[in-house]
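Protein chains: 2
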Amino acid sequence: MEAVAAAGQRRPASTWLLAFYSSLLLNVLLLAHHFLRPFGGVVATGGDSCGLSWALQPAKEAEAGAATECSGHGQVFLDGITGENGRPGCECNRCFGGPDCSVRMANCSANAASGNPLFLEPYWKRNAATGSVMVSAWHRLGYITTDGEYQSVELQRLIRQLHRTVGNAAVDDKHLVFGTGSIQLVNALVHALSSPDAASPPARVVATAPYYASYRTQTRMFDGREYGWGGTTTAWANASSNATHGFIELVASPNNPDTLMQERVLRGSAAIVDRAYYWPHFTHIPAPADDDIMLFTASKLSGNAGSRFGWALIRDENVAERANDYVQESTMGASRDSQLRMLVVIKAILANLHGKEDIFAFGHDVMSTRWRRLNAVVSRSRRISLQKIPPQYCTYFKRTRAPSPAYAWIKCEREEDQDCHEVLLKAKVITRSGVGSEASSRYTRASLLKTDDDFDMLLEMITDLVNDEKYSTTAGSSPMSVNTQRK
Amino acid sequence: MEAVAAAGQRRPASTWLLAFYSSLLLNVLLLAHHFLRPFGGVVATGGDSCGLSWALQPAKEAEAGAATECSGHGQVFLDGITGENGRPGCECNRCFGGPDCSVRMANCSANAASGNPLFLEPYWKRNAATGSVMVSAWHRLGYITTDGEYQSVELQRLIRQLHRTVGNAAVDDKHLVFGTGSIQLVNALVHALSSPDAASPPARVVATAPYYASYRTQTRMFDGREYGWGGTTTAWANASSNATHGFIELVASPNNPDTLMQERVLRGSAAIVDRAYYWPHFTHIPAPADDDIMLFTASKLSGNAGSRFGWALIRDENVAERANDYVQESTMGASRDSQLRMLVVIKAILANLHGKEDIFAFGHDVMSTRWRRLNAVVSRSRRISLQKIPPQYCTYFKRTRAPSPAYAWIKCEREEDQDCHEVLLKAKVITRSGVGSEASSRYTRASLLKTDDDFDMLLEMITDLVNDEKYSTTAGSSPMSVNTQRK
Numbered sequence: 001m002e003a004v005a006a007a008g009q010r011r012p013a014s015t016w017l018l019a020f021y022s023s024l025l026l027n028v029l030l031l032a033h034h035f036l037r038p039f040g041g042v043v044a045t046g047g048d049s050c051g052l053s054w055a056l057q058p059a060k061e062a063e064a065g066a067a068t069e070c071s072g073h074g075q076v077f078l079d080g081i082t083g084e085n086g087r088p089g090c091e092c093n094r095c096f097g098g099p100d101c102s103v104r105m106a107n108c109s110a111n112a113a114s115g116n117p118l119f120l121e122p123y124w125k126r127n128a129a130t131g132s133v134m135v136s137a138w139h140r141l142g143y144i145t146t147d148g149e150y151q152s153v154e155l156q157r158l159i160r161q162l163h164r165t166v167g168n169a170a171v172d173d174k175h176l177v178f179g180t181g182s183i184q185l186v187n188a189l190v191h192a193l194s195s196p197d198a199a200s201p202p203a204r205v206v207a208t209a210p211y212y213a214s215y216r217t218q219t220r221m222f223d224g225r226e227y228g229w230g231g232t233t234t235a236w237a238n239a240s241s242n243a244t245h246g247f248i249e250l251v252a253s254p255n256n257p258d259t260l261m262q263e264r265v266l267r268g269s270a271a272i273v274d275r276a277y278y279w280p281h282f283t284h285i286p287a288p289a290d291d292d293i294m295l296f297t298a299s300k301l302s303g304n305a306g307s308r309f310g311w312a313l314i315r316d317e318n319v320a321e322r323a324n325d326y327v328q329e330s331t332m333g334a335s336r337d338s339q340l341r342m343l344v345v346i347k348a349i350l351a352n353l354h355g356k357e358d359i360f361a362f363g364h365d366v367m368s369t370r371w372r373r374l375n376a377v378v379s380r381s382r383r384i385s386l387q388k389i390p391p392q393y394c395t396y397f398k399r400t401r402a403p404s405p406a407y408a409w410i411k412c413e414r415e416e417d418q419d420c421h422e423v424l425l426k427a428k429v430i431t432r433s434g435v436g437s438e439a440s441s442r443y444t445r446a447s448l449l450k451t452d453d454d455f456d457m458l459l460e461m462i463t464d465l466v467n468d469e470k471y472s473t474t475a476g477s478s479p480m481s482v483n484t485q486r487k
Numbered sequence: 001m002e003a004v005a006a007a008g009q010r011r012p013a014s015t016w017l018l019a020f021y022s023s024l025l026l027n028v029l030l031l032a033h034h035f036l037r038p039f040g041g042v043v044a045t046g047g048d049s050c051g052l053s054w055a056l057q058p059a060k061e062a063e064a065g066a067a068t069e070c071s072g073h074g075q076v077f078l079d080g081i082t083g084e085n086g087r088p089g090c091e092c093n094r095c096f097g098g099p100d101c102s103v104r105m106a107n108c109s110a111n112a113a114s115g116n117p118l119f120l121e122p123y124w125k126r127n128a129a130t131g132s133v134m135v136s137a138w139h140r141l142g143y144i145t146t147d148g149e150y151q152s153v154e155l156q157r158l159i160r161q162l163h164r165t166v167g168n169a170a171v172d173d174k175h176l177v178f179g180t181g182s183i184q185l186v187n188a189l190v191h192a193l194s195s196p197d198a199a200s201p202p203a204r205v206v207a208t209a210p211y212y213a214s215y216r217t218q219t220r221m222f223d224g225r226e227y228g229w230g231g232t233t234t235a236w237a238n239a240s241s242n243a244t245h246g247f248i249e250l251v252a253s254p255n256n257p258d259t260l261m262q263e264r265v266l267r268g269s270a271a272i273v274d275r276a277y278y279w280p281h282f283t284h285i286p287a288p289a290d291d292d293i294m295l296f297t298a299s300k301l302s303g304n305a306g307s308r309f310g311w312a313l314i315r316d317e318n319v320a321e322r323a324n325d326y327v328q329e330s331t332m333g334a335s336r337d338s339q340l341r342m343l344v345v346i347k348a349i350l351a352n353l354h355g356k357e358d359i360f361a362f363g364h365d366v367m368s369t370r371w372r373r374l375n376a377v378v379s380r381s382r383r384i385s386l387q388k389i390p391p392q393y394c395t396y397f398k399r400t401r402a403p404s405p406a407y408a409w410i411k412c413e414r415e416e417d418q419d420c421h422e423v424l425l426k427a428k429v430i431t432r433s434g435v436g437s438e439a440s441s442r443y444t445r446a447s448l449l450k451t452d453d454d455f456d457m458l459l460e461m462i463t464d465l466v467n468d469e470k471y472s473t474t475a476g477s478s479p480m481s482v483n484t485q486r487k
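Residue numbers (UniProt numbering), protein chains in the order written: chain A, 1 to 487; chain B, 1 to 487.
Hints are supplied without guarantee of correctness; some may be wrong.
Cut-off 20 Å, straight-line C-alpha distance, at most; resulting in silico cross-link-like pairs (PhoX-like, lysine-lysine) [said to hold, decoys possible]:
no., chain 1, residue 1, chain 2, residue 2
1, B, K426, A, K60
2, B, K125, B, K356
3, B, K426, B, K470
4, A, K347, A, K125
5, A, K356, A, K125
6, B, K398, B, K356
7, B, K356, A, K60
8, A, K347, B, K60
Bear in mind the hints are in silico, worked out from the structure with no lab data behind them.
Make a model of the complete structure from these sequences and hints.
Below, the structure is given as structure tokens:
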């Protein structure tokens, strides 16, 4: 203090006071700036706007909804039903309830029927910043996108880049046609491959059992003059009629429901190859698929089933043109909003390939773990069995990968278990009976694609079923064949 | 300064110095806080995050794109083709070019062919904060929305509320079915109204000329066993076959292309009434429409043609069920992304009804001004004429409103002008010939729905055409009939 005082005496007080008052003035200005700005801001932009104007409000609304936890057993969606507070509430996963989804419901059966690809929901929550998109109020109001097309030119480029990078499809000599889900493209291509000539007999649309039931139900619904449902390939395989009739063969590879690789059966038929599941999270990729006509869907690539977006890779230009005409006539193309979302999603996927957040590594990890756990339980059973899938080398992962099928194709082995769907229903597991796929009722499909809650429930019920075997009345009844699928 | 100095002498210097250094310290801290915080922030959240986390990046990307002006003659879209800088560039309106769309192209013809509803683009730029939506990366990945439906329950509620508030449709006794644009719902309902019974003859799908050409082209493309295109109603109007055959009559009211109110012609036919243009920005609303089957589309309500979203209001439950089955089989419902966007858009519309930003007031203002300006020019012509629309009382605006049709239905009056589409093409105006609507080639449709640039170009070319009349070689050639439409 002496030193300071001494220093003080060396200069005239007026100088000190001038400096002092200047400093005080600066204090006042800085404090005013610091405290008043936000209040001024409130009026202007609802608080600190971080350089955002119109996008701030929708961004905050989206995060406000997402902030609600729902106990990890549900979601809040912007388009959910609004409660009394005017905000959408939690939508709980199956078997969970209460305003925050914390209540586990009693006697709730597992639902493994649908192929809802919700196993990727956690991935997109982890990658929210890159996978989310702000759709401006004036985004693509019109019918056309760049260059007067219904299809985003940039999205086409990214889809081709994705196939090249993943190595699951040869794209260079193919035309690209978008659809409202790959299911629209199935009929678009059936139409494109049928002869418009009224004189020629209608083409027969066929598939090999077990097949995806919608192939039949959709074809039957449209039932045009140019084509009709022709049943399973076995009926025609060795018929001489092969040559004389036009066949359109629907092939899913990997197949839905049994997840096995499938080949075309009828020689000389036009084949539409559904490659929905030909991605590294569901199957090994031995080589790029190079079929004349291939179908892919956002649903099984990124989990965006709700976006209703699929695409076809088509070698022949005329077929591509007719398929495109079909999509334009029936829906005037696929939603531009879905196209924008998929553009952002595929950009995010590409940016993370072979990195820490590789979607295929994440997906394969989840799906192979589920398959391993399910097998561990079912392998103890003589009553039910699963399809057998060997580990195989994958060109994408550059290693032999553990199997990770989208579905369990469950067979009931006991003589008396004629209806496997019913057997599982009694065990409180809802599945999709093989009958719809023209397979034996001894088979039924259980989806492994859904939420962790759904899978945990499924595993719990299957475990109970298997554990009950030794106590069950029919125990010891010799199974018609033990795990024939494993042979 | 004396007074200050005097004041200085009254206290010991040490006190002053303490206050002085405190003040300096405070300044240092305040300045440090002000300047250092942002740099710290950069590391953490990429700058001032205004309480946003994952939504900040997509919000900033959207605004960065929207910030580019494109000289008022173009747009930057997030899914536009990326340039060397990795960002999408300007997409210029027709007849404009250059990196910033500032160059007006020479000898560029006006394109008035399509019904692209871009006249609402400025409205949504003005209402960006309420009309934009942040789509989270995990939004509605699955097939189903609330309550296991493909259709957003909340969007259904808002659509019903909108019809009630606008008073253009009776919704209380109707079922609501969403489609991928109303065009998908046309065939969904043709299918729903046809008899699945193979024994009964196929239903005849008919319309009154001039009609929307897609009614014919789409029906012809599907050409199912249950129904076929039956041509225009005039062929059947007084035929006794009326009773013996099943007719499905497609009625557009207001009609496309001639914008006049249309009634069903065939007694006892099932009618699908397309109400796409039955909104106050295109027509007066005398009373709520109450047809058994009504179609509406986002395209003509809010300008969201690219969203491919439409809905049907259906009285009969079985018909609604069959139409819904069709949409599920063919596309598994309408895109959930489009449903979310429309939910936000309709919320924004509802919030502004009868207010400063009423979308119908804005739309009617733009469209009635365009119609008035076009009429002012065409009224000077003896070569071309327009459909006549009287001002009429509108229950929504609660006043008599000036006409504001979506299309100009142009007739060429001169004997030698057999092909009106060609006449206008020579005048550098691209229109849609009446022939496609089974009207005389003396008629052609010019869209008034597009951008201001498009309309200005159209008006410019039409003005030249009209001004040329007195000089044209055929001047004075007596017109076959003067403005017959006006009679």
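Hints versus structure:
no.	hint	verdict
1	B:K426 / A:K60	violated (53 Å)
2	B:K125 / B:K356	holds (15 Å)
3	B:K426 / B:K470	holds (17 Å)
4	A:K347 / A:K125	holds (16 Å)
5	A:K356 / A:K125	holds (15 Å)
6	B:K398 / B:K356	holds (16 Å)
7	B:K356 / A:K60	violated (25 Å)
8	A:K347 / B:K60	holds (17 Å)
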